[in-house]
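So the chains spell out like this:
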Amino acid sequence: GQNIDQPTEMTATEGAIVQINCTYQTSGFNGLFWYQQHAGEAPTFLSYNVLDGLEEKGRFSSFLSRSKGYSYLLLKELQMKDSASYLCAVRENSGYSTLTFGKGTMLLVSP
Amino acid sequence: DVKVTQSSRYLVKRTGEKVFLECVQDMDHENMFWYRQDPGLGLRLIYFSYDVKMKEKGDIPEGYSVSREKKERFSLILESASTNQTSMYLCASSLFGKNEQFFGPGTRLTVL
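Chains W and Z, in that order, give the protein sequences. As numbered in my numbering, residues 1 to 111 make up the first sequence, in order. As numbered in my numbering, residues 1001 to 1112 make up the second sequence, in order.
Derived from the structure by calculation, the hints contain no laboratory data. From a predicted model like this one, the values you see are computed outputs, not experimental measurements. Built from N, CA and C at the ideal position, the CB exists for glycine as well. Watch out, some of these pointers could steer you wrong.
Which chain W residues stay away from chain Z? Per the calculated CB distances, all over 10 Å, these [what the hints assert, rightly or not]: (1) MET10; (2) GLU14; (3) THR23; (4) GLY53; (5) GLY58; (6) GLY69; (7) GLU77; (8) LYS81; (9) ALA84; (10) ASN93; (11) THR98; (12) VAL109; (13) SER110.
20 Å max Cα-Cα, derived SDA-like pairs, lysine to any residue [to be verified]: (14) Z:LYS1003 x Z:ASP1028; (15) Z:LYS1055 x Z:PHE1096; (16) Z:LYS1057 x W:ASN3; (17) Z:LYS1098 x W:GLY31.
Same shape as in the complex, but just chain W (with noise of 0.2 Å):
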């Protein structure tokens, strides 16, 4: 089974850069993911980390640390569109692809 940890709400700026943290404890890692999921929509891929390190993907990058089992998203220059909720999602080393989802961070920015 799996534990992933994420705290439930963030504020900030416009403009701002802000940072979210993910915690997992699994028996077994392949892979760590993060969506972006706008209210009343679908979730859309942002990135995908396996190796440790960062992943850089235009203002949004991702960082993992396996031995910590430990997982950030960075998002830079923070505009009113980036208001949602974001999930952290960590796949166990099985043969399917499946993903276990933490609760999700609602990032709410402001002017």
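Keeping the supplied structure of chain W fixed, place chain Z upon it in accordance with the hints.
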């Protein structure tokens, strides 16, 4: 562009009714998934399928069944709907060996 569609955006049913939620993907993906999403609980996996006629239980399969007769279609069945099955249901698909799951728009089901 991958497209995952779900038969209804909103659905209202009565307790005891049999409910079918349909999901169709157009990118020949082998893997398909059904989740429910509830406030404070996040996304939880109900069932998944990695091939036609194959199905596997997820974390919360009780009260649900699934059907995958064709590769592009994955159906979630509530044999006898109950009020605690009121939820947002999300379907997803992915290509075998690939990381990203693509989600449908969701069906908000209310059971009265």
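Here's how the hints hold up against the structure:
| no. | hint | result |
| --- | --- | --- |
| 1 | MET10 | 16 Å, holds |
| 2 | GLU14 | 26 Å, holds |
| 3 | THR23 | 15 Å, holds |
| 4 | GLY53 | 16 Å, holds |
| 5 | GLY58 | 17 Å, holds |
| 6 | GLY69 | 18 Å, holds |
| 7 | GLU77 | 24 Å, holds |
| 8 | LYS81 | 18 Å, holds |
| 9 | ALA84 | 14 Å, holds |
| 10 | ASN93 | 14 Å, holds |
| 11 | THR98 | 6 Å, violated |
| 12 | VAL109 | 21 Å, holds |
| 13 | SER110 | 22 Å, holds |
| 14 | Z:LYS1003 x Z:ASP1028 | 10 Å, holds |
| 15 | Z:LYS1055 x Z:PHE1096 | 15 Å, holds |
| 16 | Z:LYS1057 x W:ASN3 | 19 Å, holds |
| 17 | Z:LYS1098 x W:GLY31 | 11 Å, holds |
In this structure, the one hint that does not hold is number 11.
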